[in-house]
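2 protein chains.
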Amino acid sequence: MTGFVSFVSSGPGDPDLLTLKAARRLAEADVVLFDDLSAGPILSHARPGADLVAVGKRAGRPSPKQDHVSQLLVDHALTGARVVRLKSGDSGIFGRLEEEVQALRTAGVPHEIVPGVPSACAAAAAAGIPLTRRLTARRVQFITGADVTGDLPEGMNWPALADAGATTVVFMGKRTFPALVEILLRHGLPPETPALLAEAVGHPQQSLQRSTIRTLGDVLAKSRSNQPALILYGPLAETFLS
Amino acid sequence: MTGFVSFVSSGPGDPDLLTLKAARRLAEADVVLFDDLSAGPILSHARPGADLVAVGKRAGRPSPKQDHVSQLLVDHALTGARVVRLKSGDSGIFGRLEEEVQALRTAGVPHEIVPGVPSACAAAAAAGIPLTRRLTARRVQFITGADVTGDLPEGMNWPALADAGATTVVFMGKRTFPALVEILLRHGLPPETPALLAEAVGHPQQSLQRSTIRTLGDVLAKSRSNQPALILYGPLAETFLS
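Protein chains in written order, with our numbering: chain A, 1 to 242; chain B, 1 to 242.
In short, the hints are calculated from the structure, not lab data. Note that this is a predicted model, so its numbers are computed, not measured. There is no bait here: all hints are sound.
Chain B stretches covered by chain A per the calculated footprint, using a threshold of three residues with CB under 8 Å from any CB of chain A:
1. 115-121
2. 141-147
Partner residues aside, some chain A positions facing chain B, computed with beta carbon under 8 Å:
3. ASP16
4. ALA125
5. THR144
We put the CB at the ideal spot given by N, CA and C, even for glycine.
Work the whole structure out from these sequences, hints included.
Put into structure tokens, the structure is as follows:
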């Protein structure tokens, strides 16, 4: 008897930004495997008696190996359980989804992916800005600022990232942003390009801070904060913020 | 007495992919202004007696002018009504959000933006693929394939779009994709780059079709379908699709 795994995107953290489908999957689950960032009040949607398993991964902290998480998922499913694998934001964006899906496919475990609200969309909404704008921000792109070692990934498409006509959102990029800014400036992005630091998006301690890429790079070079954060830069980061 | 406007992102169309907050705002609304793509079963969340106003905009069809929609929003809010402005997908992504927010700011109408599930995330989830992958798809970007006249926007960052190491999602790009493919090939993107055509995402008639950019360009050059569609291309468009 094989169970079923739902990869459930939790959205940015605000339980109001769960989808109806995500809330229902949580209420039906026998087992919920969750990361640090997808925990908190969202777990109150799980039924009393459900098995809640922390498999916390968070940049800069020790965490279970990806292989171990995949194996846990398979093991729980093979008991016949309805398993929810909760992932913050949208699970398809920087969520290491592929490795876990691959493990389930190899083991023959049926599964589904429930999409959710990306943290980048929630950050822009909280700031009162859209991510795209006709003529001046016709492209939006998401990148990660940290590879598995926590460093800025090598060999990214720097000209694409230094495009003043796009909105760029950097996930997990607070520590490496000073280094990224140096590269962006070398590739011609103006230092006064608007930037927005969005910390703890969707959580009660959410904070938004307007800046420019140069100033934000300088600020973050001295920062010790380890709040999860997104950094948006591009022409829209200066509009509408209340 | 001034009302309040909620810009509510409806997600791709599946009412299960509404957020809890979006469902609540709909249930509380006196007036709901909606586009074609955000209509259907989602409107059943509005309370009986709410005023449902179609302001349908859809590429390639006549539609109310943007100024007219903004004025309608302001007029309804100034009656003191709780107004929901429903927008498909995430309202901050190719939703012409800025013009409407600007009109409310000018008129002094308080408002909020409720983020939602982008259609691109729902399309990838339906196909069983993530939008990013460690090392080989470290950047995801969204563009629109149609400007206000319905043509391919001029002067986009073609090298960024011809990057074989990114996942690209083209919104409203079915008609112009053949022209886009010609440009991508000239900028060095291999013709066999995997592509996925996702039509009517989140609707009962949803269909997914795997292809390559060259083949899909040829297919769409002869297509007469006017289903709304997204096109994904990049290394991930070939994985996992069931």
